[in-house]
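Guided by the hints, dock chains B and C with the ligands onto chain A, whose structure is given.
Chains as they are written, first to last, in this note's numbering: chain A, 1 to 242; chain B, 1001 to 1291; chain C, 2001 to 2318.
By construction, these hints were calculated from the structure, which means they are not laboratory data.
Treat the hints loosely; a few may be bogus.
Calculated cross-link-like contacts (lysine to aspartate or glutamate; reagent style EDC-like; alpha-carbon spacing at most 16 Å) [stated by the list, open to error]: (1) A/Lys88 <-> C/Asp2187; (2) C/Lys2174 <-> A/Asp5; (3) C/Lys2302 <-> B/Glu1091; (4) A/Lys177 <-> A/Asp136; (5) A/Lys217 <-> A/Asp5; (6) A/Lys28 <-> A/Asp204; (7) A/Lys107 <-> A/Glu154; (8) A/Lys181 <-> A/Glu125; (9) A/Lys135 <-> B/Glu1189; (10) A/Lys63 <-> A/Glu156; (11) A/Lys219 <-> A/Glu74; (12) C/Lys2174 <-> A/Glu112; (13) A/Lys77 <-> A/Glu154; (14) C/Lys2302 <-> A/Asp136; (15) A/Lys181 <-> A/Glu154; (16) A/Lys88 <-> A/Asp136; (17) B/Lys1033 <-> B/Glu1189; (18) A/Lys63 <-> A/Glu74.
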Amino acid sequence: MAYLDINGVVRKFGGLTAVNGITLAIEKGAIFGLIGPNGSGKTTLFNCINNYYPPHSGDIVFKGKSLKGISSHEICKLGIGRTFQIVKPLRRMTVLDNVMSGAFLRKNSLNEARDKALESLDFCELTHRKDMLAKDLPIADKKRMEISRSLATEPELLLLDETAAGLNPREIDGAMKLIRKIQDTGITCLVVEHVMKFVMGISDRIMCINFGREIAKGKPEEIANHPEVIKAYLGEEYAKGQ
Amino acid sequence: MALFGQTFITGVLMGGIYAIIAIGMTLVMGVMKIINLAHGALMMVGMYICLVLFEHAGLHPYVALIPTMIALFIIGYLLQKYSIGRVSGVETIIPESQVLLTLALGLAITEVIRVIFTSNYQIIHPALTGEYWHLAGMTIEIPYLIGFVIATIFVALLHFFLARTDLGQSVIATSQDKDAAVYMGINAERITNFTFGLGTALAAAGGVILMPLFYLYPHVWHPYLMKAFVITILGGMGSTVGALSGGLILGLAESFGSTYWGPQWGEVIGFIIFLLILLFLPGGLKRIIGR
Amino acid sequence: MEKKRQWLILAMLGILCIVVPPFMGTYAVHVLILVMMWITMALGWDILGGKTGQISFGHAIFFGLGAYGGGLLFLHWNITPWWGMAAGPVLAIIVGIPIGLVCFRLRGPYFALAMLALNEIIAIVFTNLDTLTNGATGIDCARTWGAEKLPYYYIALVIAAFAIFVTYRIQNSKYGYYFVSIREDQDAAEALGIPTTRYKIYAMIPSAGITGLAGALYMNYISSIYPETVFALEAISIFMILAVLIGGAGSLWGPVLGGAIFAGLDEILRATIGPISFLVFAVIAVLIIMFMPDGIIGSWPKVRAYLRRRKLTTGSEG
Ligand SMILES: Nc1ncnc2c1ncn2[C@@H]1O[C@H](COP(=O)(O)OP(=O)(O)OP(=O)(O)O)[C@@H](O)[C@H]1O
Ligand SMILES: [Mg+2]
Chain A
1 MAYLDINGVV RKFGGLTAVN GITLAIEKGA IFGLIGPNGS GKTTLFNCIN NYYPPHSGDI
61 VFKGKSLKGI SSHEICKLGI GRTFQIVKPL RRMTVLDNVM SGAFLRKNSL NEARDKALES
121 LDFCELTHRK DMLAKDLPIA DKKRMEISRS LATEPELLLL DETAAGLNPR EIDGAMKLIR
181 KIQDTGITCL VVEHVMKFVM GISDRIMCIN FGREIAKGKP EEIANHPEVI KAYLGEEYAK
241 GQ
Chain B
1001 MALFGQTFIT GVLMGGIYAI IAIGMTLVMG VMKIINLAHG ALMMVGMYIC LVLFEHAGLH
1061 PYVALIPTMI ALFIIGYLLQ KYSIGRVSGV ETIIPESQVL LTLALGLAIT EVIRVIFTSN
1121 YQIIHPALTG EYWHLAGMTI EIPYLIGFVI ATIFVALLHF FLARTDLGQS VIATSQDKDA
1181 AVYMGINAER ITNFTFGLGT ALAAAGGVIL MPLFYLYPHV WHPYLMKAFV ITILGGMGST
1241 VGALSGGLIL GLAESFGSTY WGPQWGEVIG FIIFLLILLF LPGGLKRIIG R
Chain C
2001 MEKKRQWLIL AMLGILCIVV PPFMGTYAVH VLILVMMWIT MALGWDILGG KTGQISFGHA
2061 IFFGLGAYGG GLLFLHWNIT PWWGMAAGPV LAIIVGIPIG LVCFRLRGPY FALAMLALNE
2121 IIAIVFTNLD TLTNGATGID CARTWGAEKL PYYYIALVIA AFAIFVTYRI QNSKYGYYFV
2181 SIREDQDAAE ALGIPTTRYK IYAMIPSAGI TGLAGALYMN YISSIYPETV FALEAISIFM
2241 ILAVLIGGAG SLWGPVLGGA IFAGLDEILR ATIGPISFLV FAVIAVLIIM FMPDGIIGSW
2301 PKVRAYLRRR KLTTGSEG
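The following block holds chain A by itself, in its conformation from the complex (with noise of 0.2 Å):
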């Protein structure tokens, strides 16, 4: 059994079927990437997995555990962690405010929870940013204090939805390194991405669906010459080429 483990997940909205029947496994430690063209159901399977809209059929097992019926913040106790394709900071906080309400998660008294925040911070390089209001904070460092608000709720799998989008490519080399990062501490994370750069870099293995399907699944580079992948894509990518 693998360490997550998604089966036959479906998904609808009204008429749509947002997920249509994913199935796919991660390997602890590992770095997955999840990529399809806009509208595929990216977003909506992570929101699958931390129950925030329940699936409609199929099954969610982390670590053994079945998923189903377990709200938001238990999966979050659970080790699961994510962040938010919309970034959404607590926003008249500052960051470390930002980053000390997740780590409360496991810490109980005001002092160990600002170390534990402080660390998260110094990990993500935003110390020095700490006493900003988070709203008032650029994107790129947005999308940094939602890793590090994440982080210190101490997961075991993190779920990092679009962190490259919005970031000029010197924003997107130091994301890239910072979710190398991650991985190195042992957390596995679940990446979904538009840039092909940022995820063909990272990702040991790679998912492609469109429509909520699967349409292809393996090695970066397999994926990046296969057929369906680039049918999918061909237009936006083309696009985005030229």
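For chains B and C with the ligands alone, kept in the frame of chain A given last:
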């Protein structure tokens, strides 16, 4: 049987009058996505304007209706443009700052009226006041009936306006999806101001209809504001059909509650319906009737 | 250094509050009692409204229950209403928890409306359940110290200090952080492992309790209560929000300042300009919401920056 019939008719007539007050509120809530706590106070201002028109110009309330509505349209438009609208989108610690602003405005307006007219009860006796129709053992007070008819006409006109005119369609578009409406070239700000004016004018119409029936004093609006909420939540925000059916349901529920349970409990029934709808049918009747 | 100075100012204020009132007139002490009561209420409301972001339009429920807790004991068993200081808050909390369980499913304005409706329901119920509550006639009890005001003042002072202490402790704990997280973004809070509904209940408990405590004080001090005054939608529920709003929501000193200014201003305006005092008050509220929506404390940094800029420009001219 006559008691039942009487209760039923009283409920329906009152419900129609509630509906016109609530429709103003549901429109505003639909477009602005906020609760407007000044709605009742503005209705009361309409009633005082009507009072002045009756006492100093001798206009019967049913005639004073139109100038009163125009006046309140202008007041509502300006209030939204220069006060409430300015707070929209401002990030604050308490998320409901626009709602609190309407609340404070409502209090201020009430106080202005109280300073001018004192808190004394006022009552007017225009023609038709206190006249009855007797029908199969039941009595129907004529002003109730006329009020109901006027309210129904306005609801129908509004429905037609929203469905058939460009301006009405802009109001609907703005209430369904403000961003999309803006992309389509609608001036959402102006539409919001207009809707606020329109909603206020409708509330004023509801107030004027009540003039031959009840006393008038600055705080007269409290129960009506509550009822307008109940109906708006019951009918679904922004839904005219919902507001009309919600008004009738509330009118009937109160009427039957007072008759068979005791007059002091009539109002509680409305609030209980309100809570049940909030909890178990979010979105209100609109979800069931689909418009 | 900064911190030390703050404590010093605080200690001095505390000493003033203790030492000065005996030398003041009866009326002034009366105003101070109301100030303390409103500080307590504003702090109580702010735990749920300002920190947790659940705007309640019905906190008079808890104020009224706090008052009736002692009132009912006195009415039915002739027990001194001082027991209301315990019974009132407990009653408020006992009712507050199920209200929270039901209403916290609603978000934003819907929660506000539900509380408003409950406020009205409870007021009507207390007015009409004659056998239980003595109905609209209300409850009268004898005042322990007759016309003497000072003892009440010191009790009010202790209660306000207690409310400040509770708020301070909440702010500097996991609870405070979790409450504010819920206010800022409920989804993000869930994703950080915060059981949002449970923590809203945790916020409801001190909020209802402290508000109830203010109600119990009111019961003992004013010594007669009626459903229409202690469950008043406008004069209690709404005014509590305005008081917090003036000072600034979500902080410790905002509600304290707001409560003090509100109660003080209310009395002063009433004494000086009488009939139009409430109008002036409402206009002040409108202006504050329009131009200082985060209240005095919340907007202070902005105001200070503005003043500095003014000074700089005038300075460079001169
Ligand atoms: N709450 C919702 N209600 C209705 N439809 C939704 C909802 N959330 C997502 N959808 C729909 O489900 C589909 C998948 O959306 P999803 O956000 O998962 O895509 P995505 O792969 O993350 O796309 P992107 O790359 O743009 O982020 C889309 O068609 C979207 O419109
Ligand atoms: Mg997405």
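Taking the hints in turn, this is what the structure says about them:
1. Taking the CA atoms of A/Lys88 and C/Asp2187, the gap is near 8 Å; set against the 16 Å cutoff, the hint holds.
2. Pair hint C/Lys2174 plus A/Asp5 does not hold up; C-alpha atoms about 33 Å apart against a cutoff of 16 Å.
3. Between C/Lys2302 and B/Glu1091, the direct Cα distance comes to roughly 14 Å. Compliance with the 16 Å bound is thereby established for this hinted pair.
4. A threshold of 16 Å between alpha carbons decides the hint, and for A/Lys177 with A/Asp136 the separation of about 24 Å lies outside it, so the pair is violated.
5. At most 16 Å may separate the alpha-carbon atoms for a hinted pair to count; A/Lys217 and A/Asp5 meet this at roughly 15 Å.
6. Taken as a hint, the A/Lys28 and A/Asp204 pair is honoured in the structure, with Cα atoms around 11 Å apart against an allowance of 16 Å.
7. Simply put, A/Lys107 and A/Glu154 have alpha-carbon atoms about 10 Å apart, close enough for the 16 Å limit, and the pair holds.
8. At roughly 12 Å between alpha-carbon atoms, A/Lys181 and A/Glu125 fall within 16 Å of each other, so this suggested pair holds.
9. With a C-alpha separation of about 26 Å, the suggested pair A/Lys135 and B/Glu1189 falls outside the 16 Å cut-off, and the hint is violated.
10. Distance check on the hinted pair: A/Lys63 and A/Glu156 sit about 10 Å apart at the alpha-carbon level, within 16 Å; holds.
11. Proximity of A/Lys219 to A/Glu74 is assessed by CA-CA distance (about 32 Å); at most 16 Å being required, the pair is judged violated.
12. With a C-alpha separation of about 11 Å, the suggested pairing of C/Lys2174 with A/Glu112 holds against the 16 Å cut-off.
13. Between the alpha carbons of A/Lys77 and A/Glu154 the distance comes to roughly 9 Å, so the proposed pair stays at or under 16 Å and holds.
14. Only pairs whose Cα atoms come within 16 Å are accepted, and C/Lys2302 paired with A/Asp136 is accepted, the gap being roughly 15 Å.
15. Distance hint between A/Lys181 and A/Glu154 is fulfilled; the C-alpha atoms sit about 15 Å from each other, no more than 16 Å.
16. Proximity of A/Lys88 to A/Asp136 is assessed by CA-CA distance (about 13 Å); at most 16 Å being required, the pair is judged to hold.
17. A threshold of 16 Å between alpha carbons decides the hint, and for B/Lys1033 with B/Glu1189 the separation of about 13 Å falls inside it, so the pair holds.
18. Between A/Lys63 and A/Glu74 the alpha-carbon distance is near 14 Å, which keeps this suggested pair within the 16 Å criterion.
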